[in-house]
Amino acid sequence: MPLIVEKKPEVLITEDGIRTDGRGPLDLRPIKIQVGVLSRADGSAYLEWGGNRVLAAVFGPREVHPKHMALPDRALLRCRYNMAPFSTPERKRPGPDRRSVELSKVIREALLPSIFLERYPGTAIDVFVEILRSDAGTRVAGVTAASLALADAGIEMRGLVTAVAVGRVEDWVVVDPNHDEDQWGDADIPVAFLMEEKEITLLQLDGPMTQEQFDKALELASQAADLIYEVQKEALRRPYEAVRLEILRRGE
Amino acid sequence: MLDERITAELVGDYIRELAASGQRKDGRAFDEVREIKIRPGTFTKAEGEAWVSLGATQVLVGVKADVGTPFPDTPDKGVLISNVELLPLASPTFEPGPPDENAIEMARVVDRALRGSNAIDMEALAIKSGELVYMIFLDMYALDHDGNIIDAFALGSLVALSRTRIPVVEVTEDGEMIVKEETFDLPIRDLPITFTFIKIGDALMLDPTLEEELVSDAAITISIDSSGRVCSIQKRHGSFRVDEIKRAVSIARSKYSEVERILREQGGLV
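Heads up: the sequence lines are chains E and P, in that order. According to our numbering, the stretch in the first sequence is residues 8 to 259, in order. According to our numbering, the stretch in the second sequence is residues 627 to 896, in order.
Just chain P, with the same shape it has in the complex (with noise of 0.2 Å):
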């Protein structure tokens, strides 16, 4: 296969052209989300999970639940840990090995999104104050990159959050602890959507391709809550004036119900 940032240089100039007439090389409106599809299946062994495609990208998100120790300054609150691994699989350009640089930031936007709309209910997850809570793990693994990643981890964590079930767990008067058969629904409250720009010239689009991805000025991530409030931003390479990260705020707020539609008709949220 061709490096993608040799394609990227060919390509590069067909893709500016266009944008500059309003135009993309998949034929896209800039503000249109590619196909989001939710592949039915049991693809893992983790208590929610869910495999996303948005386009030719696709992500395979798992949660796995467990037990430990709260952090001393949130004694009544359950644990989040976020982590992504950009698999040598899923691009020829992703190397085998600890996290990134790259990998890190996605994981620590996602994260964000999901803790500064409090869409998960922390307090819930606590078992004994201070001694034992539950231990929410969200493993986003990317199987195939054709850009923007980040929205289907995104989506894909929302998604396996929702489905998640956990065993209950309980601590008897003698400290002992109980794992007991029946189980209950992670409590979501809340549903923070992800949306990622990218600039080309005055251009800003919506949901990049890889190729638009590699020949872009400037790129931006932004997530908007089920009430319409913008939950978490983070701008990535490159630089954006004012009126257009009010614009790109805008076009994420008026995208919110059609992809969150997507979701609870495919995912099966509720």
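Chain E extracted, bound-state conformation (with noise of 0.2 Å):
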């Protein structure tokens, strides 16, 4: 029996375009992000978007168990998406389910394409997220962390792998749905684009759009990534740029 009982807002969006939680249809969640949180992992990040938590750890590439599955030409890359029991508002149970198991599938293939995975034969790259909160959109959150965990890592990259969902809520496209849109929105749409040829490695829809509809999505969560990117190039600067001012400061 669940102690917490949700109630769908009386307006989802209104006239002018005002969300349930203040924003306009096109302003994203704050997002913040930190890589190298976690000492044993060979790259992490963590990710704060709106009310998701998100962790993302990288280990390899190492060696593949069991050994059958190793590729001769290339690494093979392993994909876990969990959610924490105490990640939702009723407790999830532990273990994976349906909706785990596809989206570990959604979001390898939404990494594949960015990794050099020829320049490590016979190894694995394993890619775990964690869901610590949810809050909407966090196959998104998700991506974006681990194609930062990827590149904290070290692993050769064509580039970052940036992700954002766009959802329509009555006629209004909205970029990051929230939590309230989410459960009551008309679609939901999670894209992901290989940032350096602005290539779509995640795309999927859930709800009726029309085709102008579905083209301004497209452009929109376009648009909503170009900014996500900027947060995770500086992310990925930033414990760089602290070393650099260190021998800066030092030199003087």
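Don't take each hint at face value.
Simulated pairs of lysine-lysine, DSSO-like, Cα-Cα distance not exceeding 30 Å [to be verified]: (1) E:Lys240 <-> P:Lys663; (2) P:Lys861 <-> P:Lys663; (3) P:Lys806 <-> E:Lys14; (4) P:Lys806 <-> E:Lys99; (5) P:Lys872 <-> P:Lys861; (6) E:Lys99 <-> P:Lys663; (7) E:Lys14 <-> P:Lys754; (8) P:Lys663 <-> E:Lys39; (9) E:Lys39 <-> E:Lys240; (10) E:Lys99 <-> P:Lys872; (11) P:Lys872 <-> P:Lys651; (12) E:Lys205 <-> E:Lys240; (13) P:Lys651 <-> P:Lys663; (14) E:Lys74 <-> E:Lys15; (15) E:Lys205 <-> E:Lys223; (16) P:Lys806 <-> P:Lys754; (17) P:Lys703 <-> E:Lys99; (18) E:Lys223 <-> E:Lys15; (19) P:Lys806 <-> E:Lys15; (20) P:Lys754 <-> P:Lys703.
Hints in this document: simulated from the structure, not taken from any laboratory.
From these two lone chains plus the hints, build me the complex, please.
Structure below.
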């Protein structure tokens, strides 16, 4: 029996396009990212995105167990998306369910095109995405954090992958749906881009949309990804920037 | 990353030699606990939580509350369910899957420390005798494993439980359940603190790092309550002499107030 009872807001979006959290249709929720947060992982990233809290870690390239899974010409990329039992309003039973198995697969396939797997034949690269707190858009938060964890691990990549969701609420196309919109909105479209070439590496759609709305949604997703990409790059640079400043300080 | 078992083999002799001359690789005294930090912020959807680091070891503990039927032999007591997840992101040697014997042992040792000291007032968690009680889920999540996860779990559990606020639930005469807006603090009656020692040769070391754990001959975990009583013990691998166990208990008791002070200052415990 859940102790938290959810109520549907009376208005999801006003006539002027004001959303339940006060944002306009094109506004992203605040995003904060930190890389290199875990000592034992080869690469890691911690991401806060609205009320989401996500931890991503990368191990590898390392030996493949079981051995028969190893690929002779490239690395094996494995991915596990997992929600913590305390990440949801009602406790989630630990362990994989059908949703997390699917999300693990689409996240892996979102990251796959970004990695030069052929540089690491016969090895495994393991990506772990842990959702500590969920607040709509955990898979795109997971992809965004995981790509940085791969970069932090020093894996050779074509570029970063940036993901964002767009949605439809009544006649509005909105960027980065919040919990209410995720729960009671009309459509949800998570998208990931390989930013160098702006190739789409993840695309799902849930809910009806006209051709015009869909075109607009992809356009807005692309624009939002550009903004998130800057936050990612800044997070990746920050530890090195700290070292550079320290060297300059000591030189004086 | 080099397999940690190979690393342990390489530094093992060095750690053993240091131990014989009264030293540790990170320069700590044998009875010195690594720095305890409680990270400020909100990281979960739990009713109580704590992100705790013990040196480089990091854990996240969340407490979720629910209601359900009590166990038949304790109709007037709430239910506490403790669970440990050794996440694969915490260590290259942790694998995905259901909790293994180590995870289950850790969860049960932390659980016994809480029960052995009556840390939670379980009677206060009954709503309707024999029918409805609060259920407390204590989920301990290992994020970064640099040794002695169990003490980090125990510390994190105390902080998370002490911060737990639960919605008030009432049952009407018709048997209908009502969840109210108001909340109450989970009633905490004691603060059992857990101390883990390892043995290397004749040396007893408190709060081992991962390297120390891997070369250790034996390990034991001891919990002390606020009146200095021992409230749970778990000998883990290896063997100890009686005098060594007595010494470990006496060191644990002498360290209690120091760790308790850190919990109160950083964890906001009253």
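Going down the list of hints, with the structure as the test:
1. Pair hint E:Lys240 plus P:Lys663 holds up; C-alpha atoms about 29 Å apart against a cutoff of 30 Å.
2. Pair hint P:Lys861 plus P:Lys663 holds up; C-alpha atoms about 27 Å apart against a cutoff of 30 Å.
3. Our distance criterion of 30 Å between C-alpha atoms is met by P:Lys806 and E:Lys14, whose separation comes to about 14 Å.
4. This hinted pair checks out: P:Lys806 and E:Lys99 have alpha carbons roughly 22 Å apart, not beyond 30 Å.
5. For the suggested pair P:Lys872 and P:Lys861, the alpha carbons sit about 13 Å apart, so the restraint of at most 30 Å is met.
6. About 27 Å separates the Cα atoms of E:Lys99 and P:Lys663, which keeps this hinted pair within 30 Å; it holds.
7. For a cut-off of 30 Å, the pair hint linking E:Lys14 to P:Lys754 stands: about 27 Å separates their Cα positions.
8. The suggested pairing of P:Lys663 with E:Lys39 holds, with an alpha-carbon distance near 21 Å, which does not exceed 30 Å.
9. Annotation: proposed proximity of E:Lys39 to E:Lys240 holds, straight-line Cα distance about 12 Å (limit 30 Å).
10. With a C-alpha separation of about 42 Å, the suggested pair E:Lys99 and P:Lys872 falls outside the 30 Å cut-off, and the hint is violated.
11. Taking the CA atoms of P:Lys872 and P:Lys651, the gap is near 25 Å; set against the 30 Å cutoff, the hint holds.
12. For the proposed pair E:Lys205 and E:Lys240, the alpha carbon gap of about 16 Å is at most 30 Å, so the pair holds.
13. Our distance criterion of 30 Å between C-alpha atoms is met by P:Lys651 and P:Lys663, whose separation comes to about 21 Å.
14. A threshold of 30 Å between alpha carbons decides the hint, and for E:Lys74 with E:Lys15 the separation of about 50 Å lies outside it, so the pair is violated.
15. Between E:Lys205 and E:Lys223, the direct Cα distance comes to roughly 16 Å. Compliance with the 30 Å bound is thereby established for this hinted pair.
16. For the hint linking P:Lys806 to P:Lys754, the alpha-carbon distance of about 16 Å falls within 30 Å, and the restraint holds.
17. Restraint check for P:Lys703 and E:Lys99: satisfied, since their Cα atoms lie roughly 23 Å apart, inside the 30 Å limit.
18. A distance of roughly 27 Å separates the Cα atoms of E:Lys223 and E:Lys15; the hinted pair therefore holds under the 30 Å criterion.
19. With a CA separation close to 18 Å, the supplied pair P:Lys806 and E:Lys15 stays within the 30 Å bound.
20. Taking the CA atoms of P:Lys754 and P:Lys703, the gap is near 10 Å; set against the 30 Å cutoff, the hint holds.
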